[in-house]
Amino acid sequence: MMIGNNVLGILFANVHDERVRELTEHRTLASVPVGGRYRLIDFPLSNMVNSGINKVGVITGNNYQSLMDHLGSGKSWDLSRKREGLYILPPFGADGTQLPNRVGSLASISRFLRNSKEEYVLISDCDFICNINYADVFSAHIENKADITMVYKYGKVPSYSTNANVITTSPDGRVVEMLIGPSVEGECNYGMNMYVMRRELLMKLVSECVSRNRYDFGREIIQQNLNALRIFGYEFTGYSTMVGSINSYFEANMALMLPKVREQLFDVNHPIYTKVRDDMPARYGLGSQVSNSLIADGCVIEGEVENCVIFRGVHVGKGAKLKNCVIMQDTVIGAGSNLNYVITDKDVVIQEDRTLMGFQSYPVFISKGSLV
Amino acid sequence: MLPKQEVVAMLLAGGQGSRLGVLTRNLAKPAVPYGGKYRIIDFPLSNCVNSGIETVGVLTQYQPLELNEYIGSGQPWDLDSMYGGVHVLPPYQRGKQSDWYKGTANAIYQNIRFIDRYNPEYVVVLSGDHIYKMDYAKMIAYHKEKKADCTIAVIEVPMEEASRFGILNTYEDGTIYEFDEKPAVPKSNKASMGIYVFTWSKMRKYLEADEADPNSSNDFGKNVLPAMLNAGEKMVAYQFSGYWKDVGTIGSLWESNMDLLDPNVPLDLSDESWKIYSRNPAMPPHYIASTAKVQNSLISEGCNVYGEVDFSVLFAGVYVAPGAVVKDSIIMPGARIEEGAVVQYAIVAENCVVSADSKIGARPEDIENKDEWGVAVLGAGCVLEPGTVVPPKAMIDAEEVAK
Numbered sequence: 000m001m002i003g004n005n006v007l008g009i010l011f012a013n014v015h016d017e018r019v020r021e022l023t024e025h026r027t028l029a030s031v032p033v034g035g036r037y038r039l040i041d042f043p044l045s046n047m048v049n050s051g052i053n054k055v056g057v058i059t060g061n062n063y064q065s066l067m068d069h070l071g072s073g074k075s076w077d078l079s080r081k082r083e084g085l086y087i088l089p090p091f092g093a094d095g096t097q098l099p100n101r102v103g104s105l106a107s108i109s110r111f112l113r114n115s116k117e118e119y120v121l122i123s124d125c126d127f128i129c130n131i132n133y134a135d136v137f138s139a140h141i142e143n144k145a146d147i148t149m150v151y152k153y154g155k156v157p158s159y160s161t162n163a164n165v166i167t168t169s170p171d172g173r174v175v176e177m178l179i180g181p182s183v184e185g186e187c188n189y190g191m192n193m194y195v196m197r198r199e200l201l202m203k204l205v206s207e208c209v210s211r212n213r214y215d216f217g218r219e220i221i222q223q224n225l226n227a228l229r230i231f232g233y234e235f236t237g238y239s240t241m242v243g244s245i246n247s248y249f250e251a252n253m254a255l256m257l258p259k260v261r262e263q264l265f266d267v268n269h270p271i272y273t274k275v276r277d278d279m280p281a282r283y284g285l286g287s288q289v290s291n292s293l294i295a296d297g298c299v300i301e302g303e304v305e306n307c308v309i310f311r312g313v314h315v316g317k318g319a320k321l322k323n324c325v326i327m328q329d330t331v332i333g334a335g336s337n338l339n340y341v342i343t344d345k346d347v348v349i350q351e352d353r354t355l356m357g358f359q360s361y362p363v364f365i366s367k368g369s370l371v
Numbered sequence: 000m001l002p003k004q005e006v007v008a009m010l011l012a013g014g015q016g017s018r019l020g021v022l023t024r025n026l027a028k029p030a031v032p033y034g035g036k037y038r039i040i041d042f043p044l045s046n047c048v049n050s051g052i053e054t055v056g057v058l059t060q061y062q063p064l065e066l067n068e069y070i071g072s073g074q075p076w077d078l079d080s081m082y083g084g085v086h087v088l089p090p091y092q093r094g095k096q097s098d099w100y101k102g103t104a105n106a107i108y109q110n111i112r113f114i115d116r117y118n119p120e121y122v123v124v125l126s127g128d129h130i131y132k133m134d135y136a137k138m139i140a141y142h143k144e145k146k147a148d149c150t151i152a153v154i155e156v157p158m159e160e161a162s163r164f165g166i167l168n169t170y171e172d173g174t175i176y177e178f179d180e181k182p183a184v185p186k187s188n189k190a191s192m193g194i195y196v197f198t199w200s201k202m203r204k205y206l207e208a209d210e211a212d213p214n215s216s217n218d219f220g221k222n223v224l225p226a227m228l229n230a231g232e233k234m235v236a237y238q239f240s241g242y243w244k245d246v247g248t249i250g251s252l253w254e255s256n257m258d259l260l261d262p263n264v265p266l267d268l269s270d271e272s273w274k275i276y277s278r279n280p281a282m283p284p285h286y287i288a289s290t291a292k293v294q295n296s297l298i299s300e301g302c303n304v305y306g307e308v309d310f311s312v313l314f315a316g317v318y319v320a321p322g323a324v325v326k327d328s329i330i331m332p333g334a335r336i337e338e339g340a341v342v343q344y345a346i347v348a349e350n351c352v353v354s355a356d357s358k359i360g361a362r363p364e365d366i367e368n369k370d371e372w373g374v375a376v377l378g379a380g381c382v383l384e385p386g387t388v389v390p391p392k393a394m395i396d397a398e399e400v401a402k
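Heads up: the sequence lines are chains H and S, in that order.
The opening position of the first sequence corresponds to residue 0 in numbering that gives the first Met the number 0, with each subsequent residue numbered one higher.
The opening position of the second sequence corresponds to residue 0 in numbering that gives the first Met the number 0, with each subsequent residue numbered one higher.
It is worth saying that the hints were derived from the structure and are not from the lab.
Beta carbons are placed, not taken as given, at the ideal position from N, Cα and C, and that holds for glycine.
Just so you know, nobody snuck in bad clues.
Which stretches of chain H does chain S cover? Using the computed rule of at least three CB atoms under 8 Å from a CB of chain S, they are:
1) 253 to 265
2) 268 to 280
3) 291 to 297
Here are the simulated DSS-like pairs of lysine-lysine, each with C-alpha atoms no more than 27 Å apart in a straight line:
4) 345(H) <-> 274(S)
5) 274(S) <-> 317(H)
6) 326(S) <-> 320(H)
7) 274(S) <-> 74(H)
8) 116(H) <-> 74(H)
All chains, full assembly: derive it from the sequences and hints.
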């Protein structure tokens, strides 16, 4: 049983920003919109809250305006509280920038870590979409008397991932070997960038790294300590997908059409929370034709939509044809336009009778606020 | 003493709403779901906030559990403020006696202390059974401008329907000289909307006088307003134009939901400047499968639609199986319509299961005797056997189904 007050959650908002440059031009990876109404951070944040964690620090380096706007007081995740709650940790100090790596970021919040009273920390990136019960990870951590527990999944390492942490575990679950970015054929165990350990241990390991000017979390904190520390793996077997490229972003959205994926991700007992917008329900007009699509509140659908994820407040005009598209918030698709394999960022306007065609392996991306 | 509030709104939410039958068996009328994601009370509450009224008392009495839970801290409407905010006010014991709210005026009378704490100039009295968007601030400004003691909002209704309403007869300057409750021969078409602005000092006096009168039924419309008029207080009508609908009957509740599907009806819920707030469920966007056919409908988050939906309103988390048909109907949160079921002209309340091949309701054109036609209603939690037929106009609740 996880006692909420005893685990501190830490999320890295900017780590991996460079993987999806198109989407992170004006925002952090954490605030990339996904799945019709969510941002990537909603998944780890809700998972933490659902697992009983009620203090979460979100470390952010740059481009974090959209993240602040999204998180607000943390109310939507029940993290607006007198005791603990949500802490946004922007760069602090003379140079005003945070090192874009986990060790540097953790070093920069050493005061926050020191002043927290939770015995354990759970640290996570924001690049995995999954619904994981961290209470189970924590129980395994205690049961194994582990110093560090890292969450991994079994599967094929995504081709765009250059520095996957591929691990080998002993029968009792201890990590005996970890390779960083090896070339592996077929399936293997690779890390999901989520770790549980004692807060004191994390602080000690980070300060040791910094004093030696070493900033690679995987290499210096995990790989170096495989013998010195009891590092265990926890296999997550539920649905998960990593957002690491614009293609994988597209696929992650499309995967939501599968009932099995939605069932696992949007478990009614462990809901994924997000900022509330108070839109009215989606309206379908006369002659609308929708199939195999995910459609959010506030949309007005008057055209044809097939295999699409349509975010909140999108307007699809009469006679417009959308196929295989991800259309973000408040985009307007003009009447008679024809789109296939297109990702539009927020607030895009596609005027009447425009045609945009991408390809499955190369969806066309239209950046925020563009007028086509 | 709390900081002074110029205006306090009092929302009468205690009525049973018996004309809604099974829908209000275990639920207060203001908590009845409406429009795919709202409850009726979202409208007066959102109107208050959008009009700048920060202090709202909600008077509850009948089946308050779900309503209380829904209002909670008032956070969804920004009514969780430091001093004002929304307060649920049930009847309570005092001294040796305890009283249920005997009537609308008595409900306010019993909460005089609540209102006095804010020392307001004006009190707005609202009810929880209408769908409309209205700027109460404009009405209060009118009340001030006319130096009135009581202002009553009115809406023009078609003359031939006027005898169904409480009609106000006014002079040209808007001053009321007569109340005409459901007149056989109406003299005007100005119907009272049940929205009142009172100057608090005056209202307080009349509430106390009304309470002292043992023959009074302690009702605003029947007792307090006529008493004020007879005493020569300045009472004016404030004309409202726009969408306003009483959703107190099955027929009108159904119609008002269908109005949302009609682009010509002037009730825009997507207006950024006048949002209707509600408590939002944490559910993913809805999914429309390739076997589905959806047109002319309002669909909320968490739905999974595999069948046919036309001219309908689907609330959060509704499931429509492949081969199921939902037409001209309202399906409330969490209901399941299973394979081959046909739901037409019906209201299916929360968490019902319409099992395979059931038939709920019928189209009016398929019924010979039009008197037998009406919207069919399934109360919350009904689980039907496969192949059940529920005729039009029928009303069933979960207990009857269990038998």
